[in-house]
Amino acid sequence: MTLRLTNTLTRTKGSFVPLQEGKVSIYCCGVTVYDLCHLGHARSYIAWDVLRRYLIWRGYQVTFVQNYTDIDDKILARAAAEGSTMAAVSERNIAAFVADMACLNILPADRMPRATGSLEAIRALIGELEARGAAYSADGDVYFAVLKHAGYGKLSGRDLAEQQENAAGRVSDQEEARKRHPFDFALWKAAKPGEPSFASPWGPGRPGWHIECSAMVREELGDTIDIHLGGADLIFPHHENEIAQSEAATGQPLARYWLHNGMVNVEGEKMSKSLGNFTTIRALLDSGISPMTLRLFVLQAHYRKPLDFTADGLQAAAAGWERLRAALEVGERLGWVRASASAADGPAPLSAELAVQRSRFIAAMDDDLNTSAALAELFDLARPLRGLAGRLRSGENIEGSQDAELQQRWQLFVELSEQVLGLSLGAAAGLKGPGAESGTDRGAAPGGAAATSESGDEAQQQQIAATVYELLRRRSQAKADKNYDLADDIRQQLIGNFNVELYDKPGGITIANGGSLQAAVSFDPSRHSEATP
RNA sequence: GGCGGCAUGGCCAAGUGGUAAGGCAGAGGAUUGCAAAUCCUUUACCCCCAGUUCGAAUCUGGGUGCCGCCUCCA
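Residue 190 in the working numbering is what sits at position 190 of the first sequence, and the numbering runs on without skipping anything.
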């Protein structure tokens with residue numbers, strides 16, 4: 001089985017064959033750093049993170065480059081609005097980007113070039129295009145001449161002759177007057193008075209938007225790369241222009257595979273900056289949605305399809321993540337060890353059933369990253385583990401349960417979930433970004449008492465445990481007296497005051513867990529002794 | 001006007017020729033004083049019409065509806 005990917009360039013799904021066996025070069029269009037990242041970025045970069053993780057897991061040596069566009073009109077506007085500088089705005093948003101991506105468990109790119117750091121390559125490329133007659137300068141601007149480039153429009157399926165009239169009048173008259181063709185686009189823009197600018201053979205100015213990607217791809221990865229990634233909104237004009245520039249300069253195909261992710265809607269409406277209805281990643285996480293919930297939500301749909309963010313959808317994903325989380329957690333609770341396996345190491349010896357599930361997972365991922373189908377396998381793998389988790393949670397003693405098949409199942413499950421899909425316990429609880437304290441969405445319960453669990457000192461913790469224990473004792477007595485109103489009242493008190501939940505198990509034993517408690521407290525009426533599992 | 005995409009159960013969403021994965025929600029049952037968790041069982045004539053085929057959600061033609069891009073945008 002080989003990986004099959006839908007290539008925008010050919011509009012077909014075909015086998016992925018890298019240029020060099022065993023190696024994959026990927027360029028992913030990054031962000032313009034004038035603001036915080038929004039859900040569209042999250043969707044896109046989660047999808048590409050999974051592509052990358054899957055390739056790595058399959059044994060490829062992947063080089064992943066993603067740019068920062070840190071020269072741009074909108075950054076300038078933002079800087080002017082806040083009395084700051086372009087560099088300051090960029091720096092701040094780059095830091096935010098890094099934090100947001102880490103929070104979502106998105107692997108950092110191998111290299112992240114910036115436009116400001118690539119000016120040499122950009123100027124060289126423009127010069128080359130000019131020398132080849134593919135570009136012309138006009139009043140300090142330099143434009144790419146689309147008519148000089150055969151094949152312009154091949155990515156987006158546009159025909160220059162047909163499109164010409166439709167495009168008229170879409171750009172400012174001034175700029176229009178300098179262009180020879182409406183689709184010609186700026187490679188270099190002359191500086192306007194008061195703007196920061198960079199020196200160039202054409203006078204002071206700054207690069208156009210598209211040229212930086214062409215220059216960076218070439219500088220970082222070479223003339224032809226394996227995979228070029230981006231949002232569907234970039235197909236035209238950005239990627240079309242990128243192809244034109246690069247291929248006019250090198251005479252080689254820019255990328256063998258062009259992959260584009262579908263757009264994000266919010267409650268059925270297109271999300272866009274111009275409509276002002278975008279939600280930042282931070283705002284969503286701050287609202288109590290866990291990073292892994294967001295990740296699961298994104299991966300439940302195919303990356304090429306539009307994705308509608310709704311409160312209901314996120315809630316469903318949160319419940320789904322709870323299930324996966326329980327299954328991930330159970331092995332750790334039982335002290336099981338992760339296997340350091342990957343597809344490249346060859347399959348570990350698996351039971352027949354597990355081997356089938358593993359190969360189904362691979363088949364799904366091979367089919368243009370069908371994460372939805374892959375997740376179905378993951379949920380199937382998790383089912384018996386959830387059963388184990390359920391028994392553990394309700395206080396049943398299964399410490400001795402070292403069933404080999406279950407352990408193996410857990411190891412496979414963890415491997416696929418964490419390594420390939422990036423759905424990870426550690427990422428949910430450990431890797432903290434702003435506003436991402438809780439691994440579970442239900443952790444955002446009333447009272448906010450949960451937050452104290454990490455800061456409380458030992459004495460305080462003992463005090464709380466003792467109080468909880470006393471309440472458990474009283475509740476046990478109330479149950480014995482069949483005074484269920486009081487018993488329920490105590491349950492409510494524990495939730496309200498400490499965010500602690502109670503689980504009754506056979507034998508009248510009650511376990512209190514979560515919230516302000518660092519360790520579970522249990523009460524056994526037959527023993528009257530405290531235990532902390 | 002040009003290019004492209006999508007229409008599957010209450011919601012989300014796979015499936016691209018052999019009688020419909022998975023998640024959420026719901027129902028019934030086991031367990032429970034009640035909860036929680038878990039387990040079992042259960043819920044679809046795949047937008048419409050015509051055609052191809054032994055057989056279609058899946059292919060072809062037509063229709064209807066929705067959406068994206070064509071302007072900065074992941």
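Warning: the hint list may mix true and false statements.
As the list claims (entries may be wrong) - When the alpha-carbon atoms are kept at most 25 Å apart in a straight line, the in silico SDA-like pairs for lysine to any residue are as follows: (1) K305 / D73; (2) K13 / K148; (3) K148 / G133; (4) K13 / R358.
Everything labelled a hint here was simulated from the structure, so no lab data went into it.
Evaluated hints:
1. K305 / D73: 30 Å, violated
2. K13 / K148: 30 Å, violated
3. K148 / G133: Within the cut-off at roughly 8 Å; holds.
4. K13 / R358: 23 Å, holds
In summary, the numbered hints that this structure violates are 1, 2.
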